[in-house]
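Build the full structure now, drawing on both the sequences and the hints.
Chain residues, written in single-letter form:
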Amino acid sequence: MAANKGTKKVDFKIRCQTTWRDMVKYRWLYFLLIPGILFFAIFKYVPMFGLRIAFMDYNQYNPSASQWVGFEQFVKLFSKASFLPVLRNTVVISLLKLIIGFPIPIILALMMNEMRSLKFKKVSQTLLYLPHFISWVILAGIIMTLLDPDNGLITQLIYSLTGERVMVLTSTKWFVPMLIVTDIYKGMGWGTILYFTAISGIDPQLYEAASIDGAGKWKQMLNITLPSIVPTIVVCFIMNCGNILNAGFDQIFMLYTSHVYEVADIIDTYVYRMGLINSDYSFSTAAGMFKSVVAFILIVIVNNVAKKTGNEGLY
Amino acid sequence: MKDAKNHLTKVKRGKGEVVYSVFNYIFFTLLSIVMVYPFWHVIMMSLSSVEATARGGIFLWPQGFNFDTYAQVFKDPSLWTGYLTTVLVTISGTFLGTLFTATTAYPLSKKNLPFGKTMLLLVLFTMLFSGGMIPGYLLIKGLGLIDNRWALVLPGLVSAYNVIIMKSFFMTIPESLEESAKIDGATEVTIFWKIVLPLSKATIATIALFTAVGYWNDYFSSVLYINTKSKWALQAVLRYMLTNTNQAMQAAGVTVASATNVTAATIKSASVVIATVPILCVYPFVQKYFVKGVMIGGVKG
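Listed in order, the protein sequences are those of chains A and B.
Per my numbering, the first sequence starts with residue 467, numbered consecutively.
Per my numbering, the second sequence starts with residue 666, numbered consecutively.
Among the hints, a few may not be true.
[What the hints assert, rightly or not] With a straight-line Cα cutoff of 27 Å, these simulated DSSO-like cross-link-like pairs (lysine-lysine) come out:
hint: 1; chain 1: B; residue 1: K776; chain 2: A; residue 2: K585
hint: 2; chain 1: A; residue 1: K588; chain 2: B; residue 2: K775
hint: 3; chain 1: B; residue 1: K957; chain 2: A; residue 2: K587
hint: 4; chain 1: A; residue 1: K587; chain 2: B; residue 2: K847
hint: 5; chain 1: A; residue 1: K474; chain 2: A; residue 2: K587
hint: 6; chain 1: B; residue 1: K782; chain 2: B; residue 2: K740
hint: 7; chain 1: A; residue 1: K774; chain 2: B; residue 2: K775
hint: 8; chain 1: A; residue 1: K587; chain 2: B; residue 2: K953
hint: 9; chain 1: A; residue 1: K491; chain 2: B; residue 2: K782
hint: 10; chain 1: A; residue 1: K588; chain 2: B; residue 2: K782
hint: 11; chain 1: B; residue 1: K680; chain 2: A; residue 2: K685
hint: 12; chain 1: B; residue 1: K866; chain 2: B; residue 2: K782
hint: 13; chain 1: B; residue 1: K859; chain 2: A; residue 2: K491
hint: 14; chain 1: B; residue 1: K775; chain 2: B; residue 2: K866
hint: 15; chain 1: A; residue 1: K474; chain 2: B; residue 2: K782
hint: 16; chain 1: A; residue 1: K773; chain 2: B; residue 2: K680
hint: 17; chain 1: B; residue 1: K680; chain 2: A; residue 2: K491
hint: 18; chain 1: B; residue 1: K776; chain 2: A; residue 2: K588
hint: 19; chain 1: B; residue 1: K957; chain 2: B; residue 2: K775
hint: 20; chain 1: A; residue 1: K479; chain 2: B; residue 2: K775
hint: 21; chain 1: A; residue 1: K588; chain 2: B; residue 2: K859
hint: 22; chain 1: B; residue 1: K894; chain 2: B; residue 2: K806
hint: 23; chain 1: A; residue 1: K491; chain 2: B; residue 2: K775
hint: 24; chain 1: B; residue 1: K782; chain 2: A; residue 2: K773
hint: 25; chain 1: B; residue 1: K776; chain 2: A; residue 2: K491
hint: 26; chain 1: A; residue 1: K587; chain 2: A; residue 2: K685
Don't read these hints as lab results, they were simulated from the structure.
Next comes the structure, spelled out in structure tokens:
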């Protein structure tokens, strides 16, 4: 027993020594790591540590005088009448974006894959990816122009179809559908890329074998292409689930007005207004932290489910 | 008989395929038009007369072509200062960010680096969890960077995602190349600088482009950290113009008396165009690098 313990001790000592030797050997690699370590420590981990003010009553004039208050801010958050609608809006908007928006890139990728003309494919891909690189500020400018209550193209189009002058940007009924449509517009093209990568990795022999067996294009797509991209679909789905409380801050922040707070105010916009406009730092940090923690738990759960069902997970 | 049947089904399938193929081309042509038209619409509106823009409708070409709006918008100094800030921030952020992404990713790509795995996990963790808006703001405040343009550069320098892309690329570089240099007595820093970086030009270009787009499109850092309007980035200036058109028009020197051929709508569209055109010009040439980046990133590290 004692001897066993002794050898373990020696083992540990030897391991420390070899580790130390390796560290000295690779000292220049650690040198290269310095800026990266500093960056992640300061700009990623210090703010995480800064989350502690969610458990305080933060005094912005004299931070060291802040009192610890435990979970009081969280209790306040959930007892506040204004937060529950915000939570509901967040979940509703991002669920709608997920349900309606998620399948579209898959369908587009499958359809594009059938195109024979490479040139046509390239050009349409380039055009479809474009909005991904345009900021929500610019897109919001374009959306405001198209939805202008007087002379916006889409307002006029709706008017000529229904005889109704719809003010989408200030209508509680139309604002959320507008968010979903414009979100799909911005993201659907870029969303196809991962599926293209997966499709290009499929063994062409599978298709040859299938066509010898008499399977048409449609059957090949259903039985070869689609199953081959399932792992990619799962990974994308996991990432999207982790984002369920990210309803799209930039998009909403640029487009919403007090007319539509009722349906469009989400956790992030709420945090911004409570924190930076009202300077209620502790309270808004608690709201933001609630969001980060739920997102983290969600991504861990979905990843485990994916792994249990035999799919490759995210990590 | 059997042959004939086979032949028949083949023809049938062929027909279906042709119909589908035609549908496919029409569908993607229409979709492409839908993708591009909004941009075209705004560009054409910004070049049209007040009467035409007030009437609305489809703008295939400018109606009542004129540059009056641009002449007005360019009088607003905030657009120029916005451009200046954005260019400065994008250049310095892209340079430092790409460099630090590479210096972080290279050591982490070495399998037997002690604590390398732990550090990689710590980097990956930042993809799943973050401090959020308020602690980030308080950090910048604590660093004394409020109202300093470095606050627009520093927080976005390195992203975990880019580190992973770089790392998976570095892992594909054959060890033997580095080993021979090591025998000649070169340190890892020299190897990194003289051998690894030159081999990674394409990946570096990809990371640099992703980083540059991030900086170019960033408006929120200005909103959060910068109080002085003349230090705002272009996108923040544009946001201000879009949400406060009246003030923006005053800033451009548009008064009721002088506004002969300019309205809120044309001002808005012109400022959108001014911020968009640089991207539209560069985008077709660099698009393939973005695609490449995602393809490398898709191979999990």
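Cross-check of the supplied hints:
{"no.": "1", "hint": "K776(B) to K585(A)", "in the structure": "violated (42 Å)"}
{"no.": "2", "hint": "K588(A) to K775(B)", "in the structure": "violated (37 Å)"}
{"no.": "3", "hint": "K957(B) to K587(A)", "in the structure": "holds (16 Å)"}
{"no.": "4", "hint": "K587(A) to K847(B)", "in the structure": "violated (46 Å)"}
{"no.": "5", "hint": "K474(A) to K587(A)", "in the structure": "violated (63 Å)"}
{"no.": "6", "hint": "K782(B) to K740(B)", "in the structure": "violated (55 Å)"}
{"no.": "7", "hint": "K774(A) to K775(B)", "in the structure": "violated (31 Å)"}
{"no.": "8", "hint": "K587(A) to K953(B)", "in the structure": "holds (13 Å)"}
{"no.": "9", "hint": "K491(A) to K782(B)", "in the structure": "holds (17 Å)"}
{"no.": "10", "hint": "K588(A) to K782(B)", "in the structure": "violated (39 Å)"}
{"no.": "11", "hint": "K680(B) to K685(A)", "in the structure": "holds (16 Å)"}
{"no.": "12", "hint": "K866(B) to K782(B)", "in the structure": "holds (26 Å)"}
{"no.": "13", "hint": "K859(B) to K491(A)", "in the structure": "holds (20 Å)"}
{"no.": "14", "hint": "K775(B) to K866(B)", "in the structure": "holds (19 Å)"}
{"no.": "15", "hint": "K474(A) to K782(B)", "in the structure": "holds (24 Å)"}
{"no.": "16", "hint": "K773(A) to K680(B)", "in the structure": "violated (42 Å)"}
{"no.": "17", "hint": "K680(B) to K491(A)", "in the structure": "violated (68 Å)"}
{"no.": "18", "hint": "K776(B) to K588(A)", "in the structure": "violated (38 Å)"}
{"no.": "19", "hint": "K957(B) to K775(B)", "in the structure": "holds (23 Å)"}
{"no.": "20", "hint": "K479(A) to K775(B)", "in the structure": "holds (24 Å)"}
{"no.": "21", "hint": "K588(A) to K859(B)", "in the structure": "violated (36 Å)"}
{"no.": "22", "hint": "K894(B) to K806(B)", "in the structure": "holds (18 Å)"}
{"no.": "23", "hint": "K491(A) to K775(B)", "in the structure": "holds (13 Å)"}
{"no.": "24", "hint": "K782(B) to K773(A)", "in the structure": "holds (22 Å)"}
{"no.": "25", "hint": "K776(B) to K491(A)", "in the structure": "holds (14 Å)"}
{"no.": "26", "hint": "K587(A) to K685(A)", "in the structure": "holds (22 Å)"}
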